[in-house]
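*Asks:* Each chain, letter by letter, is given below.
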Amino acid sequence: MSVLNSLADLAISAMIVIGATFALIGSWGMVRLPTLMERLHGPTKATTLGLGGMLVGSILFFHLAEGTWALHELLISLFLFITAPISANMIAKVHLHQLRVKPENGVLDPVGPAGQPPVPSAGSNWATYEAPHAASAAATSE
Amino acid sequence: MIEYAVGYAFVCLALALCCNVWRLLKGPTIGDRIVALDTMVINVIAVIVLIGIATARGTYYEAALILAMVGFISTVAYCKFLLRGDIVE
Chain A
406 MSVLNSLADL AISAMIVIGA TFALIGSWGM VRLPTLMERL HGPTKATTLG
456 LGGMLVGSIL FFHLAEGTWA LHELLISLFL FITAPISANM IAKVHLHQLR
506 VKPENGVLDP VGPAGQPPVP SAGSNWATYE APHAASAAAT SE
Chain B
245 MIEYAVGYAF VCLALALCCN VWRLLKGPTI GDRIVALDTM VINVIAVIVL
295 IGIATARGTY YEAALILAMV GFISTVAYCK FLLRGDIVE
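Those protein sequences? They're chains A and B, same order as listed.
If you use this note's numbering, the first sequence corresponds to residues 406 to 547, in order.
If you use this note's numbering, the second sequence corresponds to residues 245 to 333, in order.
Each hint should be verified, as a subset may be incorrect.
To be verified - Lysine-lysine pairs mimicking DSBU-like chemistry, simulated, CA-CA at most 30 Å apart:
id: 1; chain 1: A; residue 1: LYS498; chain 2: A; residue 2: LYS450
id: 2; chain 1: B; residue 1: LYS270; chain 2: A; residue 2: LYS450
id: 3; chain 1: B; residue 1: LYS270; chain 2: A; residue 2: LYS498
id: 4; chain 1: B; residue 1: LYS324; chain 2: A; residue 2: LYS450
id: 5; chain 1: A; residue 1: LYS498; chain 2: B; residue 2: LYS324
id: 6; chain 1: B; residue 1: LYS270; chain 2: B; residue 2: LYS324
To be clear, the hints were calculated from the coordinates, so they are not data collected in a lab.
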């Protein structure tokens, strides 16, 4: 029994340490990476994975401490894993449409090369591109 | 062993929050600040989960869940406001 408990301790500690390390790596990437499109990688992937690791450790811990399976953590991680790509997509959309920095002088360019978003079509309330703009480099990190 | 792991995780998350605040203050664009706030919300959820582990009480998860929802909705609302000049059209 004690061997089992120490193994469970080891597993919980490993999950917490891995999760915290990934969360730190994600935030450090946000400081370190040069442009917004690259900075989006840190929080959306590394930090979400880190929080997922910590939540797995928490599930194991409460199973060990109280003998019950609590599913709150699964709810949190499911919600986060669904919403993280959506918020990253929205931030990238804002960046492409409006909030670019001109690389030569660092001056804020109020309208990016992607231009203003088009007027939504009838019957919808959300505008997005239907055809890629020829002059915009959507995948570049400038 | 769990106490040491939780202590290490608290230190890591404190450093991560400092990184986020640095990016939040530095910018340079509003998009960077939104990313910083979004990451701060995720890190604070991690801190709440860790407090739940450290105190061995399960009452903190509702707070974490509500914070996850509020953080996501505020990020999307701010982005939509910047894009369209309005939130509910």
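*Asks:* Need the status of pair LYS324 (chain B), LYS450 (chain A): alpha-carbon distance at most 30 Å?
*Replies:* holds (22 Å)
*Asks:* Straight-line Cα separation of LYS270 (chain B) and LYS324 (chain B) no greater than 30 Å?
*Replies:* The hint holds at about 22 Å.
*Asks:* Quickly compare the C-alpha distance for LYS498 (chain A) and LYS324 (chain B) to 30 Å and report which way the hint goes.
*Replies:* holds (9 Å)
*Asks:* Tell me if the straight-line CA distance from LYS270 (chain B) to LYS498 (chain A) falls inside 30 Å.
*Replies:* holds (21 Å)
*Asks:* What's the verdict on LYS270 (chain B) and LYS450 (chain A), does the C-alpha distance respect the 30 Å limit or exceed it?
*Replies:* holds (22 Å)
*Asks:* Take the C-alpha atoms of LYS498 (chain A) and LYS450 (chain A), compute the straight-line distance between them, and say whether it is at most 30 Å.
*Replies:* holds (18 Å)
In this structure, every one of the numbered hints holds.
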